[in-house]
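Top line first, the protein sequences correspond to chains Z and F. Heads up, the first sequence is in full-length UniProt numbering, so the first residue is 1 and it goes up one at a time. Heads up, the second sequence is in full-length UniProt numbering, so the first residue is 1 and it goes up one at a time.
Honestly, the hints are just simulated from the structure, not real lab data. Treat each hint with caution, since some may be false.
[As the list claims (entries may be wrong)] Using 25 Å as the maximum straight-line C-alpha spacing, the simulated DSS-like pairs for lysine-lysine come out as follows: (1) F:Lys710 - F:Lys999; (2) F:Lys497 - F:Lys710; (3) F:Lys862 - F:Lys999; (4) Z:Lys67 - F:Lys757; (5) F:Lys999 - F:Lys702; (6) F:Lys757 - Z:Lys16; (7) F:Lys402 - F:Lys516; (8) F:Lys757 - Z:Lys160; (9) F:Lys757 - F:Lys862; (10) F:Lys638 - Z:Lys45; (11) F:Lys911 - F:Lys966; (12) F:Lys917 - F:Lys966; (13) Z:Lys16 - F:Lys800; (14) F:Lys489 - F:Lys702; (15) F:Lys917 - F:Lys936; (16) Z:Lys45 - F:Lys837; (17) F:Lys638 - F:Lys402; (18) Z:Lys16 - F:Lys843; (19) F:Lys626 - F:Lys638; (20) F:Lys890 - F:Lys757; (21) F:Lys489 - F:Lys284; (22) F:Lys837 - Z:Lys168; (23) Z:Lys16 - F:Lys626; (24) F:Lys757 - F:Lys702; (25) Z:Lys45 - Z:Lys32; (26) F:Lys455 - F:Lys284; (27) F:Lys489 - Z:Lys110; (28) Z:Lys16 - F:Lys837; (29) F:Lys659 - F:Lys862; (30) F:Lys497 - F:Lys219; (31) F:Lys405 - F:Lys516.
All of these numbers come straight from a predicted model, not from anything done at the bench.
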Amino acid sequence: MSTINVYQQRPGNDVKAESPLHHADLPSLVGKGRKNAGVTLREHKFLGHLTLRGSGHDQAFAGGVFKALGLELPVALTVVASGEMSLQWLGPDEWLLIVPGGQEFAVEQKLRDALDGQHIQIVNVSGGQTLLELSGPNVREVLMKSTSYDVHPNNFPVGKAVGTVFAKSQLVIRRTGEETWELLIRRSFSDYWWLWLQDAAAEYGLSIEA
Amino acid sequence: MSQVYRLSNGGRIDRSKVLNFTFNGQTYQGFAGDTLAAALLANGVDIVGRSFKYSRPRGIIAAGSEEPNAILQVGATEATQVPNVRATQQALYAGLVATSTNGWPSVNTDVMGILGKVGGKLMPPGFYYKTFMYPQSFWMTYEKYIRKAAGLGRAPLELDPDTYDYMNQHCDVLVVGAGPAGLAAALAAGRSGARVILADEQEEFGGSLLDSRESLDGKPAADWVAAVVAELRGMREVTLLPRATVNGYHDHNFLTIHERLTDHLGDRAPIGTVRQRMHRVRAKRVVLATGAHERPLVYGNNDVPGNMLAGAVSTYVRRYGVAPGRNLVLSTNNDHAYRVALDWHDAGLKVVAIADARHNPRGSLVEEARAKGMRILTSSAVIESRGSKHVTAARVAAIDVKAHKVASPGEWLDCDLVATSGGYSPVVHLASHLGGKPVWREDILGFVPGDAPQKRVCVGGINGVFALGDTLADGFEGGARAATEAGFKAVQGTLPKVLARQEEATVALFQVPHDKNTARAPKQFVDQQNDVTAAAIELATREGFESVEHVKRYTALGFGTDQGKLGNINGLAIAARSMGITIPEMGTTMFRPNYTPITFGAVAGRHCGHLFEPVRFTALHAWHLKNGAEFEDVGQWKRPWYFPRNGEDIHAAVARECKAVRDSVGLLDASTLGKIDIQGPDAREFLNRIYTNAWTKLDVGKARYGLMCKEDGMVFDDGVTACVGENHFIMTTTTGGAARVLQWLEIYQQTEWPDLKVYFTSVTDHWATLTLSGPNSRQLLSEVTDIDLDKDAFPFMSWKEGLVAGVPARVFRISFTGELSYEINIQANYAMGVLEKIAEAGKQYNLTPYGTETMHVLRAEKGFIIVGQDTDGSMTPDDLNMGWCVGRTKPFSWIGWRGMNREDCVRENRKQLVGLKPVDPNQWLPEGAQLVFDPKQAIPMDMVGHVTSSYASNSLGYSFAMGVVKGGLKRLGERVYSPQADGSVIEAEICSSVFFDPKGERQNV
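For reference, chain Z alone in the conformation it holds in the complex (with noise of 0.2 Å):
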């Protein structure tokens, strides 16, 4: 017996899913903002989300990553991509492994099985996150008006992802093209978010994609 509880956590496709946005209704705003906006806004919602925490400088621990994903650990401060899936940088200690929704259970175990025997630990957080993409020429402009670090191009360069203060909370912000960034959000703390983001967008024009 694993000493480690591990269980497929995610029901049959029809069983009622709410994301945290869900009581914005987004699908009914799509198409509604302003033309050209500056800034358009989706959520990515229903992935599957995993914290993987281990040592870094165990070669062993890199290794058995790499074994089950096929990516090489993010060095710090960045996010790494294949296909659909994504690991990025939390901590010296701490990986944010982002895979298409339903496929973590399957992740995890592939994960445990290639650390089998090593201190690590992974945690399937899928329910308690989500994350926001941020496209257009004046996201930069709404993450200053947000965040005090520094999002200009010479320091927050396209794969690079930052845990930081944002507004009067804090979140994730991951840079994965020229005009497109995301913000990985607390479930709890999405309401505030989508409030700020709408507030900060509305200058130059906010547009909501499904």
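Assemble chain F onto chain Z, guided by the hints.
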């Protein structure tokens, strides 16, 4: 009759765009490009306000942020009122409404003026301190009077409709000020490729170049400005911020810039735009190019409208096409001020005379004036002006600067404008915000920034570099140096050619002598905003206020929004002379942020209204709303407080909810409890050390209540932790304690016990938690789950995994109500569906949602504590009568063990948690009420404890409370008394804190 003082041509204004505005109820016209001050002067408005203390009429003196008098209330509606707006900084827009802040019923016929003349004598410096100190209770009355009389503007009474926000900026080089030095610095830094921010408080970049007589490369200086701005605009990494005042220089090169985005457009910001923005800048290097303020000379009646700064007159003539008079007298101690006479002459106006304090001035500008036939009186100065509401004449006399004496009776010259210049004071405010002491330089008669640890460069006027060619070179070099220091390679550049002029030294003259002594002479104002006279400063020094900081506070010199822009140096010079010391010996006062006033809106940014604080919601919030919940703030969370039905009040609702739980089954959203996933081979040992009780023998499948203490042995959190795998635990914490408990675990693992192999991850948001509680909870749950709920298969304090309403769940049999209870944990995305199905299935059991209030009552009936309500950081487990939760034989010295065994923590008679039962069951002990053993003793009574929780209970049939009482656990059955504010006394019996089902028969079924 309109704009009678507008010149027929010239100025950087658009005469095709006429703008109407009102001042003190009267409508005037100005042009696009005007400041409010320029437009007022063009219309011949002399009096803009009444002075603070003496209620003397006051006019516009300056053309920039140093203006002390024209500080107005602006706003066309109640909601858009803005106080403390300097007319010299406010761009004119159509429909602008401005009023004076002082002067009732009007600035022209001021009742206070009469009082003021009397009041002036009655109000020497220190008047407030001397008079209003006693009786102290009268201060409130005095304050009301003073504030009204002071005329400091007023805040709007309605909500501001506009939007204000923050922008966080990072740059390599922040250049403060876009005059010649700042533009050159920005150019040099920008060309290097550095990220540059150039900020300037004025409507457009250029500073002194916008009204300069000088040419650059043979062309008007403004042409060079336009070319530089165009080049800067083309640089990708350069941010240009006009209308943006750098107001504060804070630690670590963090500076705040107040940008007014739409204040020049109208009373309200256009829809969808931000009115003002606070830029919060982190700069690798700062270039201070703040320039210099012209200093007025201090002479008799120098506050009568029509006395102005020489440079300001030039600015109005050349930049705004406004001549604030017809006949000019200039009083100066330097060459540069002669340009006003030349500008005045060029505009076709009469220069009556120039009084120059120097013996034999021969500089280029002086010779130019002389060549144009102007009358120059050397070794002379204006010693007083005359006029009630406007200057009608100036008295020019020969003076002996060294002896500080008037050398001739002088003559009265008819004029309507006295321009004055006493030299130039570098604007060292920002350089001094962090405490850097400015250094006096006798050669320029001004303070320049001293050494400072900040990574900054000062260029141009602030350095005492005044000649245009030198200023440009200094700026360019400083900008290049700043960029280089920030890691960029500076690019060579050529600067425009400037005509070199011969300039003669300025003579040190601050207060102009008068034939009467200072106390007897007409008032000589040093700080017009705070109504401080030369005589007041002399009086302050005579009364023993010798430190510059004391003089400042005694007289109000340089107070408030003024920050000593015009008066500081003159005041120091007068105090120094009065005490027979030099200005550097006198030293200078400190300057503080903000440089000029900032609206509260800009300070608050978007952190107001619904964005004031983050609000956290559970995954089930929409259901609570639908079911009519009232909410309670618990930390940042919104938790259902109670669910009123059919107009119930809180008491009725809570009574009904309590009864439903005790009789059948209730439902609580417990998702806000902190949840931490703990994994690792040493997880169990870690729990042994972090909790007070033992965890070695907790089997997989079981759960246990735990107490956590700080090192001092005082309880700081509690909760149930379940063993879900041999090396895997799920810890729960209090709602408010979730974040600090996780930090606590991490700190101890990382710093004290790094050898323990254990990791922690918060899963608070991942799991939604539904609690079913009550005798029918098993029956209800059995209808929606495949888990075997048999009491032997699934006993109290254990957990099971299975499907609930078709969703994988972990179900814990733990209880905070004393009833049979199940806590159902579901991945939060699926929680709503599960809740809906349970609610449907629960109808036949009268499943009743309940909130935190009912939860509190039910748990208190059982004597279960709430950390933070029944504890206050000073209570050990023994104080709480929870010694059963302390592992006294654990091998490792766990956190709190030593602390709780200190002498004071084990002494008799500590305050201990007990139950309190009012003797009259209808009486209710207020939470927080103090307790005494003897209610008849004299006040102050010997207080022996207080009430921590108190409720009415339907189950018990009487009200009950918990509280702490000295030695309470040995006093069970004794009485305590709670004297109330109304004089009544509530008597209560000390009893066990477990009021309901003391044997726990209801939860162990």
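Checklist entry - Between Lys917 (chain F) and Lys966 (chain F), does the CA-CA distance stay at or below 25 Å? => result Holds, at about 16 Å.
Item to check | Straight-line alpha-carbon gap Lys710 (chain F) to Lys999 (chain F), limit 25 Å | outcome: violated (31 Å)
Next on the checklist: What's the verdict on Lys45 (chain Z) and Lys32 (chain Z), does the C-alpha distance respect the 25 Å limit or exceed it?
Outcome noted: holds (21 Å)
Next on the checklist: Check the hint pairing Lys16 (chain Z) with Lys837 (chain F) against an upper bound of 25 Å on the C-alpha distance.
Outcome noted: holds (11 Å)
Next on the checklist: Holds or violated: Lys402 (chain F) and Lys516 (chain F), Cα atoms, limit 25 Å.
Outcome noted: This hinted pair holds, its Cα atoms lying about 17 Å apart.
Checklist entry - Given the proposed pairing of Lys917 (chain F) with Lys936 (chain F), does the C-alpha separation stay at or below 25 Å? => result holds (20 Å)
Next on the checklist: Check whether the Cα positions of Lys757 (chain F) and Lys862 (chain F) lie no farther apart than 25 Å.
Outcome noted: The given pair, whose Cα atoms are some 38 Å apart, is violated under the 25 Å limit.
Checklist entry - When you check the alpha-carbon spacing of Lys890 (chain F) and Lys757 (chain F), does it fall within 25 Å? => result holds (19 Å)
Next on the checklist: Would the hint linking Lys489 (chain F) and Lys110 (chain Z) be met if the CA-CA limit is 25 Å?
Outcome noted: The given pair, whose Cα atoms are some 52 Å apart, is violated under the 25 Å limit.
Checklist entry - Has the given pair, Lys405 (chain F) with Lys516 (chain F), been kept, meaning a C-alpha gap of at most 25 Å? => result holds (10 Å)
Next on the checklist: Next pair to validate is Lys659 (chain F) with Lys862 (chain F); report whether the Cα-Cα distance is within 25 Å.
Outcome noted: holds (15 Å)
Next on the checklist: With the threshold set at 25 Å, check whether the alpha-carbon distance from Lys16 (chain Z) to Lys626 (chain F) stays at or below it.
Outcome noted: At roughly 18 Å apart (the allowed maximum being 25 Å), Lys626 (chain F) and Lys16 (chain Z) satisfy the hint.
Checked against the numbered hints above, the structure violates hints 1, 2, 6, 8, 9, 14, 17, 22 and 27; every other hint is satisfied.
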